[in-house]
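A.B. asks: Let chain A serve as the given structure and place chain B on it in line with the hints.
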Amino acid sequence: MLTALVERARNGDEDAFTQLVDLDGDRCYAIAYRILRDVERAKDAVQQAFLLAWRELPRLREPERFQVWLYRLLVNACYEEARRHRRWTAHVRVLPVEGPSAPDSIVSVDDRDALERAFRRLSPEHRAVFVMHHYAGLPLAAIAEVAGVPLGTVKSRLHHSIRNLRAALGSDAHVASVEVKTA
Amino acid sequence: MNITRSPDAVVAVWLDDGPHALPHETRDAITAGIRTVTRRQPGIGWPFTRPNLPTIDLRRLSVALGSATVIVVAAALTLNFYADRPGVGGPIATADPPSPFLGTWLTTDDDGSTPTMTMQASGDGSVEIVVRDDFASVCSGAPSTMTGTGQLEGATELVIPSPVLTCDEGSVPQALSGPPLEEQLRNLTFTHDPGTDTLTDNFGSVWAREGADPSPEPTTPFSEAEVTALLNGFLEARIAGEAAQQYLGVPEEDIPLLYATTSGAPYERAEFERVLGIDWPYGLTAFKVRLFAGDTVVEQLLFIGRPDGPPDGLEYRPDGFGTDIAPTTENGQPVAMPYAYFDGQVTLYAAHPWWMGDYGYIPFGRLIPEGPGVPPTTDGGQRHDGWDQLFLIADPALGGAGCQRGPSPPDAAALAESIRSNPDLGATAPVAVSVGGAEALMMDVVIAAGTTISAAVNEGGDFCADGLLNPVFHQDVGSTIYVDNGFATGLASGDLMRLYLMDAPEGSSMRILAIAIVAPESRFERVVEAATPVVYSIEFHAP
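Chains A and B, in that order, are what the protein sequence lines are.
With numbering that gives the first Met the number 0, the residue at position 90 of the first sequence is 89, and numbering never jumps.
With numbering that gives the first Met the number 0, the residue at position 370 of the second sequence is 369, and numbering never jumps.
Heads up, a few of these hints could be off.
[Stated by the list, open to error] Some chain A residues near chain B, calculated using beta-carbon distances under 10 Å:
| no. | residue |
| --- | --- |
| 1 | 4 |
| 2 | 7 |
| 3 | 20 |
| 4 | 33 |
| 5 | 38 |
| 6 | 42 |
| 7 | 55 |
| 8 | 114 |
| 9 | 154 |
| 10 | 165 |
| 11 | 168 |
[What the hints assert, rightly or not] Chain B is faced by these chain A residues, among others (derived, beta-carbon under 7 Å):
| no. | residue |
| --- | --- |
| 12 | 22 |
| 13 | 25 |
| 14 | 64 |
| 15 | 68 |
| 16 | 71 |
[Stated by the list, open to error] Label pairs and their calculated CB-CB ranges:
| no. | chain 1 | residue 1 | chain 2 | residue 2 | range |
| --- | --- | --- | --- | --- | --- |
| 17 | A | 109 | B | 262 | 48 to 56 Å |
| 18 | A | 120 | B | 242 | 30 to 38 Å |
| 19 | B | 185 | A | 12 | 27 to 35 Å |
Derived by calculation from the structure, the hints in this document are not laboratory data.
Beta carbons are placed, not taken as given, at the ideal position from N, Cα and C, and that holds for glycine.
For reference, chain B alone in the conformation it holds in the complex:
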C-alpha cells in the first residue's frame, strides 16, 4: 500500500536511533574522576579560573605518558633551530619578574571573561588592588570593579581586610550563596607561589602574571625532533618557493603570503618562536613564524598538535581564534583577506581585528575587543559580550509580516527616505559617499534602548534574513521576543547603527545592499573607524 510520510517524521525516527544508555566505563570514569577534582568554594561565585579537569581516558593515557612537557621541548627546539640556521634570529627575551605581588594579574573563567587585577604599592608600604571583571555573576553578568588596600604578611601573603566590590552599572552585588558578599570578601588573601609566579586567592582562583603562561602545558604527540623538522621544513619550503603543503594540515591556499610578500618579493630567511601566555583551544600549541624579504617582515600565527590528534601538520586559522594576535601581518600591519558573499556577487577585505563569519543566511563580522586579555574563542565571541558587529544585508526590509516583503523601495535613496520618515526610528540625514567605487548613502540610525520594536519572521519564528532591525534587537538571553502573526516583537538594544546603503549593479540578484555597523554608543566611534577599511574595500561582481 502507499502511505504518506512527512520528512519531519523521518527525521524524528532517525534522530531517535542510536544509543540511549551511558556506558558503564564512562559512568565509572566519572565517579572515579570526581575524587580527583578540586571543588569550587561556595561563596561569591566569581567565575574565576578553569583548571584542566583530570579526565580518565585509557585511550589517551599512553600519549600523555609518552609526552614531555612542551615548555622543555619548545625551548630546546627553538635553540636548536636558531643554532642550526644562520640568518635566523633568536627568541624574544623575557623580562625579569618584578616584585612578588606588584603588577597585573589575569585569570580566566568558564564564560571566557578575564578578570584583571592590578596591584600597586602605595606610599605607606601597603598594596592597593583593583580587580575588574567584565562578566561578574554577583552583578548578574554585568561588569564589576573591586578595590582594596592591604598589607603583606610575610613574604608570600597579601591580605586585603575590606575589599569593596561594586557593579559598574550601579546595581548592588549579591552573593550567590552563603553569607553576605561583604563578609565573604573580608580578609581576602592572595598567596604567592614563587616557583610558578602565580597568586592563589582564598576562593581557590589562580592568577597568572600578565604576559606569563598561566596554563599547564598541553601534552603533544610530537617529539622535539618532529616539531623541529616540521617547522624547519615548512619555513625552508617557503623560502624555496615550493612544496610547503607537505607540512600543512590545511590547504596551502589558506596560508596568506605563503611564498612571497604582497609585493611578490621571495623570502630570504625565517625564524619562529613559541607563543606563550595563552591557553589555546583544543590543546594546540602556537608558534609565530617570521619570514624576511629585504626590509619586509611577514609574521604568522600557526598551530600544532592536539593532545589526541594525528600528526597532520601545521594549522592556520584565518581568525587566529580571535585573540589580540593578528594571524598574518606584514611589517606589523594585519593583512586583509578577501571574503566573498552572496554567491560571489559581493567581496570585501577584512583584516584582524575583524572576525568574519556567516550564519548561512546573513554575512557578518565581529570586532575582536581591544586589549591583550581577550581569550581565544572558537565561536567568534558569540557567547560573549563586547564583540561589536558588522552585517551585510541584501535588499533590507523594514516591514512585511511572515517574511512577505512590504512595499519594496526601488533603490537605496528610497530606502533611506523610508528610514528617515519612519517615526519609530531616529535617523540622520543620508550623506552621499563613495564606497569602493560605488555610490552609497551613509546614515546613522538609533532606537532608544527598551523601545518595543518588531521585525518580520517566517512561519518558524525565525527572523527574516533581510530585516533591517534585526541587528538592534536586544541580545540578552533574558529579553523576551514574542512571535505573533508574522512579526517578532522585542526590545531594542539601544545600539547605534551606521548604515551604508548601496544600489547593486545591474544584473545582481539584489537591488540594494546595506552594510550595518552596530555598537553601543560608548564604542561606536571606534567600531565605525575600525570598520571603515572593510566597508570601503567592497566590490560588486556581476553574477
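Pulled out of the complex, with its shape left as it was, chain A reads as follows:
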C-alpha cells in the first residue's frame, strides 16, 4: 500500500502525498523533536523535509525505499535547523514539553536535566544516529544510508552518544539504585 501511495505521489497525486504525510508525519515529527529537542525547530525540519520530498519524488528510483529516503531528508533538515540556531539556544534551558514526569517514573527530574544537558552537548550528527537507532529502531546499516556516512562512523557515533548519556547519569557502574514507594 505504501509503495502504491509513493508511486501515485511520484506521479503528481497530491492526495497520495498528503496520505504519506499523514502516515509518516507523526513519526518524522517525533524523530525531529528528539534530535532537536525543540518543538518549533522540529516543525520546521519536518516541513522542509516533506516539501523537499515532494519536489524530489519524481526522481526516486525505488518507491519501496521511500521511508529511508525520507528519513535522510529529515535528518539533513534537522542538521540545518540545529546549526542555524546553535548559538543562541545554547544558554536556554528547555522545560519538559508534556509537563512533569509521572511520580512513579524511573526518570527523576535530575536525570532529565542531566540527560537534556548531555544530549545538547552532542553534535547533531551524533544525536541523529542515537535517535534513529534507539527511538526509531533503525538498523545500523540503514542509519548509515540515512546519515550518508560509513557504517563504522555510525557505530562510533552511537557508542560516543551512549557513553556520554550514561556518563551524564553518573553511572560509572552499569546499574544504580533508586528508592521508590510501592502501594
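C.D. replies: Then chain B, alone, in the frame of chain A:
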C-alpha cells in the same frame, strides 16, 4: 523497596518522552506548500540545483516582508561606506558579462556536488559543451563527463542534439527511471535568461555563470543602516585597537589578528566588500574585510544575519565553511591557527585549506578540495568525497581484539619495524626526519584496495580510536564491515598513508604519536605537500 534500574532504561524512558503527533498547522503548511513547489522532472536524475523551498512560516513572514533585497542593501551600504571614509577603497569591479552562452557555468545539487559546464565556440559556428559532475547518480555516485556539440536556435536557445555522458570510472551510466539515458538526453536544450544571466536546461536545472551569484538573495533582519553601522563600527574599533567585541556575535578571541598584524603593527585603514557568488549556509551574508597596516594587508571573511536570527553581531568561522576563501589571510597568505589536542599535550598550526576537527576521540584535519567550485560545508566535507585527511593517533595499535592492546611497541622505532614486518602491509623503509624539533620516522604505507583488513573494536562495535588501520578502511556506505569477537573486518580503500611516528616526551600520557596523512594515490603528493606545514608545526607540551 529498592529496585535496580539500568542507565540505558532511564535513557530509553527519557527518549520516549515528548510529542508524538505532527501538529495540524505543520501538516496544513506542508499540504499547502506542495502546491507552490516546482517538482523535478523524472529522468536522468542528476542532482542538479537546489532552489530555495517556499516554506510557509507565519513567524517569519513579517521578517521577510520587512526586508529589502540584500543586493540593493549591500550595494548601497558599500557605496556609503566608501564615500564616507577617506582612505577606504572601493568595491572590486565586475567584468562585463561575455556572450550569452560561452563560458563556465555552475549549479549545485543537494549532496553538495557542483556540476560544472564549459561552453566554447567551435570553428563552424557551433558550440561545444563539457559537463563534469563529481557525483553523478546515473553513475552510482561516480564522477561523470558529458560532451556534446550544438547550435544556437535564436538568441536564447542552445540545442545539443546528441550529448554523450560517460562515467569516469568506466561503468555504463544508467537512467534512474524512464526511457534510456541516451534518449532522455537527446536535444538537450539550454535557455538563456538575459535578465539574470542564467541558463535553464530542459530538466529544470538552473545554471549560473562562474563568479556570478546564482542564488536568490537571503532576506535579512538588518537594515542598511544597521549593517553599515555594524561593519563601520567593527573596523573603526579594530583600527582604534579596542572594543571590537560589541560588534561581534563570537568572542573576540576567536578573531585572528584582531587589532594588529602578526608583526604587531596596528591597523591604519580598512574597507569591506560583499562576497558574491556563493550561497552561504543558514542564509548568512558574507563580507570580506580588509585592514591595512603599512604594506601589510589582512583580509578576513565575516558573516552577518540569518533570516530568522537575532541581531547578534558579526560571526567569524575558523573554517570559513570550507570554501576556497581563506578565513584570514595576511598579504594573501592564509594565517595558521593553533589547535590543541590530547588535553593540550600536542598543538599544531593549520591554515586554510585545512579544516580541523575532532570527533571527540581522534583529532583530524580535512583538506578542502582545490578550485572555486567547492560549495560551503557545515560538516567539513564529511558527507562528500574528495576531502583528504590527516589524523593524529596517540599510541597507535596494529592489533588486539576488543580494544585490548596487542604487544605494545616501546617506541616509534619499534612500531615502525612492526609495520614493516607485517606481511599484510606494504611499507617503505622508515626515514629519520626532524619534525617541529622532534625526531620522527617517516614512512609510506599502503594496502591494496579491496584487501580484507581488520582492526580492533570495542564491545559496541566501534573502532578503537588508536587503530592505525582505521583511516584506510573503505569509506563507501555500501562497503560492509563485519564485527566479530573484538575485530572489525572490512575492505581496504587502497588509499596511501604517509606516517610520521614520534616518541612523545617524558611525562606525556602517550608514548608514541602518529600523524597519518591519507589520500588516494592520484592526490597523494598534493595532500602530503599541503600537510607538511601542519605536521612540521607540531609542538609537544608536558602535561
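A.B. asks: Next, verify each hint and record whether it holds.
C.D. replies: Going through the hints against the structure:
1. 4: 14 Å, violated
2. 7: 14 Å, violated
3. 20: 5 Å, holds
4. 33: 6 Å, holds
5. 38: With Cβ-Cβ at 7 Å, under 10 Å, it holds.
6. 42: 5 Å, holds
7. 55: 6 Å, holds
8. 114: 5 Å, holds
9. 154: Holds, because the Cβ-Cβ distance from residue 154 (chain A) to chain B comes to roughly 4 Å (cut-off 10 Å).
10. 165: Holds, because the Cβ-Cβ distance from residue 165 (chain A) to chain B comes to roughly 5 Å (cut-off 10 Å).
11. 168: 5 Å, holds
12. 22: 11 Å, violated
13. 25: Nearest chain B Cβ about 5 Å off; hint holds.
14. 64: 12 Å, violated
15. 68: 12 Å, violated
16. 71: 10 Å, violated
17. A:109 x B:262: 48 to 56 Å: 53 Å, holds
18. A:120 x B:242: 30 to 38 Å: Holds - the Cβ-Cβ distance for residue 120 (chain A) and residue 242 (chain B), about 32 Å, lies within 30 to 38 Å.
19. B:185 x A:12: 27 to 35 Å: Since residue 185 (chain B) and residue 12 (chain A) have Cβ atoms about 28 Å apart, the given range 27 to 35 Å holds.
Hint violations for this structure: numbers 1, 2, 12, 14, 15, 16, all remaining hints satisfied.
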